[in-house]
Structures are given as C-alpha cells and as structure tokens.
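Given next are the chains, with one letter for each unit.
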Amino acid sequence: MTGGIRIDDVTLVLGSHTFRFACDMPAAAVTAVIGPSGAGKSTLLNLVAGFETPDTGRILVAGVDVTTNHPSERPVSLVFQDNNLFAHLDVATNIGLGISPSLKLSPTDREAIATALRRVGLEGFEKRKPGTLSGGERQRVAFARALVRRRPVLLLDEPFAALDPGLRSSMADLLLDLHRETGNTVLIVTHDPHEVARLADHVIFVEAGAVAYQGAKQKFLLQRDLPALTQFLLP
Amino acid sequence: MRRTLISLLAAAAALSAASSAVAQQKTLTVYTYESFTAEWGPGPKVKAAFETTCGCTVNFVSVEDGVALLTRLKLEGDKTEADVVLGLDTNLISEAKGTGLFEASGLDTKAVAVPGNYADDTFIPYDYAHFAVIYDTQVVKNPPKSLKDLVEGDPSQKIAIEDPRTSTPGLGLLLWVKSVYGDKAPEAWAKLSKRILTVTPGWSEAYGLFTKGEVPMVFSYTTSPAYHMVEEKTDRYQAASFYEGHYIQIEVAGMLKTAKNKDLARQFLTFMITPGFQDVIPTTNWMMPATKTDQALPDAFGKLVQPQKTFLMGSDEVAKNRQAWIDEWLAAMSAK
Amino acid sequence: MLTTAERRRGLAYGATVLSAVTLFVAMAVLPLLAWDTGATEARLFSAYTASVLRFTLLQASLSTGLSILFAIPVALALARQPRFPGRVWIVRLMALPMGLPVLIGALGLLGIWGRQGIVNKGLTAAGLAEPISIYGISGILLAHVFFNMPLAVRLMLAALERLPAEYWLLSAGLGMRRASVFRFVEWPALRQVVPGIAGLIFMLCATSFTLVLMLGGGPAATTLEVAIYQSLRFDFDPPRAIALAFLQIGVTGAILAVMAFIPAPEDSGTTGGRTIRRLDGITWGARIGDAAVILLATAFLVMPLAAIAAAGLTADLWRLATSDAFARALWTSGKIAVAAALLAVAASMAILSARQAVADMKRPGPLARGFSASLSATSALVLLVPPVVLGTGWFLVLRPLGPVAPYAPALVAIINALMALPFVMRVLAPAVTTHRTRTARLAASLGLSGWPRLWRIDLHVLARPLLTAASFAMALSLGDLGAVALFGSSDLTTLPWLVYSRLSSYRSNDADGLAFLLAMVCLALAILGTAGRREENA
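Chains as they are written, first to last, in this note's numbering: chain W, 4 to 238; chain Y, 6 to 341; chain Z, 1459 to 1996.
Heads up, simulated PhoX-like pairs for lysine-lysine below, C-alpha to C-alpha not over 25 Å straight-line: (1) 217/Y to 1579/Z; (2) 265/Y to 84/Y; (3) 189/Y to 325/Y; (4) 199/Y to 1579/Z; (5) 1579/Z to 146/Y; (6) 1579/Z to 163/Y.
I should point out that these hints are in silico values taken from the structure, not numbers from a laboratory.
Because the structure is a prediction, the values reported are computed rather than measured.
Between the sequences and the hints, there should be enough to build the whole structure, so can you do that?
Here's what the structure looks like:
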C-alpha cells in the first residue's frame, strides 16, 4: 500500500505566478513541504491532490501517471487546515462519505467507522455534529476519515495550524502512529520548524515557485548555505 | 349485483346520451370584454336569458377591454372563432371595419335609440353613456357648468384624467375638447393642464384616486353616480352637467363574416336590442340601455345628468386624426 | 476541480437554459416583427421617442440612486443590531411591496403622502396653507424608493451577514471606529453587491409604467414601456413596439454594462458559522442611532402598508375570503407562482453551474467566456423584455394550434419565471459561490458529485437561500397582472386580476379587501422565505 510521488518537470501558470516543480517524495515516508508564505507550498500540494492540473510535465503516484485524473480518482486522502467536515452532517456521515460518496455503507463499513473513531480517541462520537466539537476533535475526525479511505497517500495542508501547541504535539504523535501503522506516504505542508523536526523523514523547501532544496531531514537541518532556509529555520 | 350492473349501464347510457345532446347543440361564441362577463356583470344573465330561447350554448371569451378585443381579432384574422364581437366602441369602428372581418347583419335597428345621430349597418349599439366630470359634493361646492368653466376654473381644485394614448375615456376627453374648441384645443389643454392633478393610464387608476378622496373631480361617465346611489346608497358623487353638451361613448356589437352559424349570430344581435337583454344593462354594466326596457330604470337613473347636446365624431375622422391630435395634446400638456 | 462529467453537465444545463430563454423570446418577437402594418418606422426615432427615452433614463437613474442611498444606512443598522426587537418581522415586511400590485401600492402611498394624506393633514394642521404635492418627478421617486429600497436593504443585509463573524470581533478588537468599520469592512462587502442591486433596480424603474403615469402628473412623465404598450395595445403596430423594445433593451443594457465595469473586489473570507456578535452595536449611542434609522425606514415602509390594511379591513373580508372567486384565484395564482418559482430557481441553478464550469477551466477560450457572459447578460436583461410583447407574440405562435386559453397559465408561469430570474440570481449566486469555496475541495477529494452532492450537501446548505429565492419569485409572480390579457381571462383569474376587475367596475371596497388578502399571502411567503433565520442566529 505504498507509493512514492514524483513531480516530473511540472510547470503551471496561475494568474501572474509561474510555478516550476521537480521533486520526489519517497514512499512510506513523511515528507514536509516548507517555505515562506506565498512560495507555492499549497500549490504543490494542490497539484498532487488534483485541484490544479499542470500546464506541462507529469505527476506520478507509485509509478502511475495521474496528471489528468480528477481528485477523487487519485490514491490520496486529504486533511485541510479547516472546513474538513460538512457542518450539517454528523460525524459518522462525514466519515462515511470517505468510503462511499453516495453513502451506501455495509455493516462492515459502519464497523470500520467505529474502529477509526476509536483509533483517533473519539469513541462514540458518531452522532455528534461538527459544530459541537473542538478544533482538535474536528481534525481527529478528518484523520478518522483518512483512515477508512485506506489510500496510500495522505496529504495534509497545515493541519495543525489552528491548534494550540499542546494539542499540536499530541496530534503530531497521532499522525506518526497512524503513519507507522499504515505505512502510507505522507505529504505535509507546514511552516512550523518543530513539526519538521518531529515528523519529517524528508524535506522539500519551496521558494518563489520552485523547489530550492530537497533531501533527507538530517542533512537538511545541517544545511547552512541557503540564506532563505537559514532564515526559515532560525527566525 | 346484476341489478347494480344494469343500473350502472343505464346511467352510463343516459350520461352519454346527455353529452351527445350537448355536443349536437349549437354554440355561439361571443368575444367580449372582461367586466361584461364578471359575476356581477351582464354576461351571466344575458347568457341564461338567451339560452332559454335559442336552444344553444353561449360561449363567452373575454379579454381585457374593447381595445384588446380588436387587437385579438386583428391577430386571429379569418381564423377567429368568434361569431359575434360585443364591446367595441364608436371610436374603434373604423379600424374594426378596416379588418374586413365583419359583415352587415341586415337587421332592423329602428328600435335603437341612442343620442348623437349614430348610424351604421354593421355595428349595432347595445348601450351608451356620455362622458362627464364626476365631482365629490363634499369638496366641490360650485361644480363647473361647462367645459369652459372646467378649463378656466380654480387651478387649486384638481381633476384626474385618463391618458388618450392608453385608454378609451382619455381619448373621449380629447375628442370632447376638440369638438368644443376646434383649433383652439391646444390653448384649452394648456390652461386645463394647471387643474389636472395627474393623467392616469386607465379609468380604474383615476377613479381609484377619486374615491380615495385624493382628487375631488374625475373624468368618467354620466352614469357613474348611479352605481354609488344604487349600490352604496349615497348621493355624494355627482356628474357635472356641461351646457356645451357631452361627448358620447356608444358600445356596439357586430357579427363576423366567418361566423359558423350566421342565423344564430343574427338571432343574438336581435335579442341584444330587446328588453330581455336591455333590462340587464343599467344595473350591471352601469350604462344607459340602447332601446326601451320592460322594467323601469331605477330611480337613480332619473337623477342622472341628461345632456342637452351630444357630441360624436365619425370614427373615420377619429381614425384619421387621432395621432395628430394626440401629438397636439402631448405638446400642450408637456409645456406645463 | 470538477470532474469532466460535471463540467460537461454544467455547460449543458447552461446551454439548455440559454437556448430556451432565447428561443422563448425569439418565438414571440419574430411573428410580431413579420407583421405588416404599413410603414410607420418614420415615427420611431422622433423627438417624442427621444424625450421619452431621456425621461425614462433620468427617473430611473434618480430612483436607483436614492433607493441605494437610503438602503445603505438601513442595512448597516439592521446588521449592527442582530437582536433588534421585531427585526425578523421588519425584514419580512420588506418583502411585501414587491408582491403588491402597483396600483394598490400607489393608493397606499397616496394615503400617506397624497394631497389628502396623513402628512399633508399634519402640515395643514401645523398651519401650512398649501398642501405639498408629490405629483411629478418627486412622486415617481417616492414610489420607486418605496417599492425598491426594501429590496436593496434585503440584498445588502444578506451580503453583510455573509461576512465572517470574526471580522466584527476583529474590528472591535482593533478599536476601529464607525467610519473605519464602514471603510474597511462594511463598504468592501457592499461594494460587491451594490452594482448588481443597482442594475436590478434600474431595470425595474426604467420599465415602470403605472406608477410613472399615475404619479407623474402629466404626459411629460412617460417611459418607453408606456410607448411600447401604446404601440402594441392601442395603435397595434407590432414592428414599432418591437423596435421600441429593442431600444429599451439596448440603451438600458448599455448602461448596465458600464455599471458592470465598476470593479468589485473579490473577497474569499469564509465564516466558521459562528454566531455574529456586534460589539460596535451595543453602545447606547449606536443603539439609539440605529433604532432611529430602522424605525424611520420601517415607518416609511409600514405607513402605506397600514393605509392598505386599514382600507382592506373595512371590506367584508370574511365574505371575500370565502367566496368561490377568491378560492379559484388563489389556486390559479398559487399554481402559477409555484411553477414560476421552480422554473426560475432551476434555471438559476443551471446558469450558476454553467458559470462555475467555465470558471473551473484554467484558461477558458473566448467561446467559453462569451458563453458565460451571455448567460449573465441573459439572466439580467430578460427583465427588460416587455411582458406585453411576449404575451402578444406567443398568442400569434399558439393561435394556429387551436384554442389558446389552455396555454395561458403555462405561459404566464414562464413569463413570470423569466421576470424573476434576475432576482433569484441575485439571491442564489453569492450563496452558491460561498458554499462552493467552502466545500469544493473537500467534495472533489471525496468524489462527491452529481446527485449525491446535490442531495447530501448542496440542498442542506443552500436550503435557506433556495427558499428565499423561491419566495422572492413567488411574491413577484403573485403581484404580476399577467401579460396574457388577450388570451381570454375567464380561465386565468389571478389574485391581482381579481383586484383590478373589482376596481374597474366601481367595486373599490372589495378591491381594498382583496388587496389586503393578497398582501397577507405575500407576508406568508416572506415568512417562508426567512424561515430558519432565527435558528441560525441562536
């Protein structure tokens, strides 16, 4: 259930911004995408998710070209910073939509939902509406949904940005636990150096619409020859 | 069980016999205006009375007003389903004849007695009324006694009139002023415009302003007070009698060349000028009957203004000059 | 971000609506254009037409400007005071003028502002000799503000309420004063909706007919719509009527196009569904000021309505309400209103999904952009096609098929739906856009599309704006007199028609009573349209 991601010489023009990406995200590892605001971190993630399609170049997941596939046809799950849940649907339904968009759920599926909720520490939350949950709980529901989807790739767009530091580290732990259990490929956009240190195996540094650095975390943390990177790590 | 079945069959047979009888019965299609067929209008009573004598079914098709009636005929041409058209007025006759759709009925119309030397072989009058200024007696203590009085009177005492571009009464007032003032009509309008509170698109708006007390005078018909006297038991609203005379509106009906059953159409037009029809008119259409009635008119009609002189222009003359006169009116009124 | 199927479907829906509307209008226009009446074109662009056009544009611009100008403080005050006593009822009452036949509304206005109205009686009692007269341009403006300001307030209020709750907390936290809040928060939100609202009101005022003649005081106050009606109904000169209609659409459309170029900044702020708390509205100064503005606007709105109610209550309401004629008319009107509302809402959703499909293309070609633009233009400008033209044209189309009366209700429903389309779009477009920005990525990543998305997501979230839009359309349809007077009215007696037929045969008291009942029906619709509003604020 693993698959590395390859961004193969992708270019994309959005309005007045031009993006050029070429990088690899190793299979079964956590890759952190970092960089200054507006550099193109989320755009890179959107390309993998399928919210943007490249003008040129290819995107491969586990060796399969998914460049023109619709987001729902890609082997990925997503967790955003917010608006991860439909506010008018209860927790179980929100998770169930991850299994079947038409909500045709078998008893096994329901069991899977309950198990996933238990796994993220929200046992018995099936009938709760998102409005009654805290920010951390809502993100846990999103994790639960990613669990039941069983996709080899998990994309996270600043998933903990809205949470307080204590909650952040416990959520990061949960993410790591889930990653070890499933052995999935994780791509996380963040601007928190601590998260990089704590979570990532591999780092991609994006600057001005291009990949300025990519490599293993250990090497990355010792990197001192890129001024922007130094600025990012030692604010 | 068997008996039930037989009685059911019998009932079905009776029903189908009845419906085929209806199908075989002659129908007469009459195009008219909406207020004629309203539940309080003459339509329902006229239909009932005629159907007892003709062995036919009267089918009214009603449109908004007399002008819409003519428009509909023009649109339909010789494909029209109408046998009889009832509700055009004298000003529309020329245009109606121009369509070439109507046919002279050849009926004897000696019984018809409408003021103003009206004569036409195709269109037979069924009712009429003179135009008049109606005033609120609680406000207007010295009503105008002539059109000249109206034109030259106190500008602070206002009147609501209708627009000749969009309504029949509006056109009536235009022709009335023209009849009295001739070439001096623009000057008269310029003077009168100071008394005019507003010019409404139709009769309903002007009369609404009047009955709400917004304006003490309105341009309407000599017969309007009859409604208030008969239905509302009040003498408050009266018509002003003008010594120059009053312009008349005569409502007419005619039969079409394409009528399916011309005898039936003639029969209806004949019926129209008999008491069976005419008795209904005064208190349903609030107009004067065109021929003698059997029943005496309600007392209120005796109190109405009876003009000494009647103005009526030939409809050809109206058709020819209408646009020029409206332009003249526009210029005079806009110069305010 | 849409699937190929979704995009294709959206474009197909839009194309269907666009071609249906174009076809419906063209089918009416062509037989009228072909009608031979002898040459009258000479009079078309005369000095008369020029002066009518000038007056049409003058009064429409002034009416629009004033309606917007007065609506802004009222909308701001209502937004600042979410707990104002009776607020929801004030908003509901604002739906009423649109559903009233104009003649009834005008008579109600005159009960307050007329020569014998309350205002003049007060002034006379205060020692003023001459009553003030509103007839002329002032009367037209007064009436247009009465009919259109409430519409503007409702649409602006909706825009303010869509702002994230955090904005208000933030501005309070930053210590922003009233002027700064207006400049940095409220005005940017209003600026996005004002051009659209102004365009809508401009069209309504430019095509105004009865009000302009009745309150204008003389033929100097004439709009193109009057000239069109005159050419078609009184002179029966269809080509001239069509030419005038094109003039009306062309000139007004050009003005709207210019207005559309006024740039409106896009904002993508989304609210987390939090309860709105307006800290700037709780000081006593703000409360008193806002209360004064709200009460003044409410009085302006309610007094004429009260005059209508007072007149209506003197009628024998029980007899009228239980009469067969009323029941039949209510059924007819109800049927037509529901059909018109469904059509208008469905067409709007189709147009929105097509526009979304085009917006979703990364680099839409000129064809796609033209398609999207013509969808927007069609949905807006269809209001300018005079109903009398559509009614007469379709009469000619249907006549060869046999009796026309059976088609009349369907035709009225379609015409009403077309007239309601711009209103429905105003209500739905922002709601749909906000909803999409919030849920598009999530729905796409989960593979939610087509029916499941419509059923599970869109209908729930959009239920309220859909209901509001439908109630708008129904009120509009209920107040419409119908353009099919030629078709034979006995089969098509709607509520406003019932009112008018009473008025045109002296029965003004019955008419008052029926108008009151009609207003009650509209109020019921307004309640439906604002249903659930309170829950959301709780």
